[in-house]
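Please take these sequences and the hints and turn them into a complete structure.
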Amino acid sequence: MTDMTTLGIAEAGRLMARGDLTSTALTEAFLERIAAVDPKVHSYITVTADTARNAARQADMEMKGGLRRGPLHGIPIALKDIYETAGIRTTGHSHLKADYVPATDAETVRRLKAAGAVLLGKLGTHEFANGAMTSDQPFPAVLNPWTLKHQPGGSSSGSGAAVAAALCMGAMGSDTGGSIRNPAGYCGVAGIKPTYGLVSRCGIFPLAFSLDTAGPMAWTVEDCALMLDVLAGHDPNDQASAKAPKVDYGASVHRPIKGMRIALARSWYERDDASMTAETKAGIDEAVRVLRDLGAIVEEVVFPDLWSYHICGRLILSVEAHAVHRRDIIERPEKFGYTTRRRFQIGAFFSGEQYLSALRFRRRLQQETRAAMRGYDLVLMASQWGPPEPADEAPVIFHFLGKPSLTMPFNVTGQPALALCCGYGSDGLPLSFQLGGRPFDEASVFAVGAAYERATTWRSRRPPL
Amino acid sequence: MSSPKAPPTLEEFRARAALTGLTLTEEDLGHLHKGYVGLLAQMERMPSCWAWAAEPPHIFRADE
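So the protein lines, in turn, are chains A and B.
For the first sequence, position 204 (counting from the first letter as 1) is numbered 219 according to our numbering, and the numbering increases by one without interruption.
For the second sequence, position 4 (counting from the first letter as 1) is numbered 108 according to our numbering, and the numbering increases by one without interruption.
FYI, nobody ran anything at the bench for these hints, they're computed from the structure.
Idealized CB from N, CA, C, for every residue including glycine.
Among these hints, one or two may not hold up.
Said to hold, decoys possible - What follows is a list of derived Cβ distance ranges for each label pair:
#1 B:G142 with A:R304: 36 to 42 Å
#2 A:E349 with B:E116: 22 to 28 Å
#3 B:G125 with A:D151: 21 to 27 Å
#4 A:D308 with B:G142: 42 to 48 Å
#5 B:K138 with A:T292: 26 to 32 Å
#6 A:L163 with B:W154: 48 to 54 Å
#7 B:G125 with A:T66: 38 to 44 Å
#8 A:P54 with B:G142: 37 to 43 Å
#9 B:K138 with A:E77: 54 to 60 Å
#10 A:S282 with B:R120: 33 to 39 Å
#11 A:E301 with B:E116: 47 to 53 Å
Shown next as structure tokens:
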């Protein structure tokens, strides 16, 4: 075996099931790589080496004794540092929580542990999943592993960077306005924002209750599907949790896609008021060609204007995020980073009427999107306008005043959306696109995403660290 | 939306900020004013009138 850290979850699971690989050996390989490589990337805030070694030994004993908990048994993973972990500090990448050690695990963490996953540590994030990475925060900014000169995207920055740099096999992110799909796209990994309500948010620092989702990021679509198999399911402690039927997502990646109908939302990303780089556009055009060659039917469909989703989602997010953090933003504003503070403060200036109007608008957009998708299984669109910002460039405080967000439509409608790699630019940075699905139809999203990955060679390249 | 057509001046915004309970520096106020006016301009795209029973806002389910 050449390099254990670049194995996929599915492949490592097969090797462990055959007795050709131990979780202990795999975990040690990742801990060694983290020690050697992460000082350049800064993806980890906390490495839980002892906990990981104990969990790996436990997994090995269980598997040796014939107990197989599933595809994540013995698999080293990591968590965005807004997931509460019993006995392990959970910082939110903020001075406010720098020493906070929860007593219990988030529901998602409990499920991952019950499935036998091995926790390597906690990963860097935009502060409370909303700010940017700035020098007034307690931990260094995560860098994009493909160049070490660009930002990795956010807010699940450490999750995207660690997966791409082979510093864990899978990671948990969260997505309120694009925070899984942005770093997935910029770091060249796969990341899915599940349908709102599919995965519990209990024990995860909230940002905006009516938009927050938790989801997996991994090197391949298949690995995301295997993680979602463990994560999905009703949780009575999350008021938004849905009672959706159990689906075998791992099996869905092998479904044939011939005849599947995909709506191409070209009007969302080819527009006069926001420009996309030629390389990004070419990457998406080529992805469309590949999917057509695989037998999918891809047709252009006009959806409501992208700006409508952008402002609807941004207003809801700003008001709800302010409500969540109001006490701290009033009593200890100096503890927040300079971008985070202003992004949490601005929600105080909107009226109840404006917030309700945004919620009504959301309902209308949800209905109009569903109508536009009638007869189609999926939506295909861009996930980024171009490469990420240089790492040494100061983050813009109100980033949403520039171009409309390409990821917000699926937060507003609650639909599942996957970001995946569709090539590399001349600067060496990954290109990506999005596949949006019907509510609770993650299986179709995985089927098409995995078929695309199998038909292309993009998964054979890793960051040159 | 029912927001006034003309965005608030910095002075008008400062008066409004005093009612929010936030502790703001002069720099905060400048940034927030710019962000608020920018968002207000974007909100012009949202419908301004809603029927009483249209799109009830208090229910959200992704699978509807």
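Hint-by-hint comparison with the structure:
1. At roughly 38 Å, the beta carbons of G142 of chain B and R304 of chain A sit within the given window of 36 to 42 Å.
2. Between E349 of chain A and E116 of chain B the beta carbons are some 26 Å apart, a value that agrees with the proposed interval 22 to 28 Å.
3. Distance hint check: the CB atoms of G125 of chain B and D151 of chain A are about 23 Å apart, consistent with the given range 21 to 27 Å.
4. Take D308 of chain A and G142 of chain B: their Cβ atoms lie about 43 Å apart, and the range 42 to 48 Å holds.
5. Between K138 of chain B and T292 of chain A the C-beta distance comes to about 27 Å, which sits within the given range of 26 to 32 Å.
6. Range check, L163 of chain A to W154 of chain B: about 50 Å between beta-carbon atoms, so the 48 to 54 Å window is met.
7. Checked against the given bound of 38 to 44 Å, the beta carbons of G125 of chain B and T66 of chain A, roughly 41 Å apart, stay inside it.
8. Taking the beta carbon of each, P54 of chain A and G142 of chain B are about 39 Å apart, inside 37 to 43 Å as hinted.
9. For K138 of chain B and E77 of chain A, the Cβ-Cβ distance of about 57 Å falls inside the hinted range of 54 to 60 Å, so the restraint holds.
10. At about 37 Å, the CB distance of S282 of chain A to R120 of chain B agrees with the hint of 33 to 39 Å.
11. The given range of 47 to 53 Å is respected by E301 of chain A and E116 of chain B, whose C-beta atoms sit roughly 51 Å from each other.
The structure meets every hint from the earlier list without exception.
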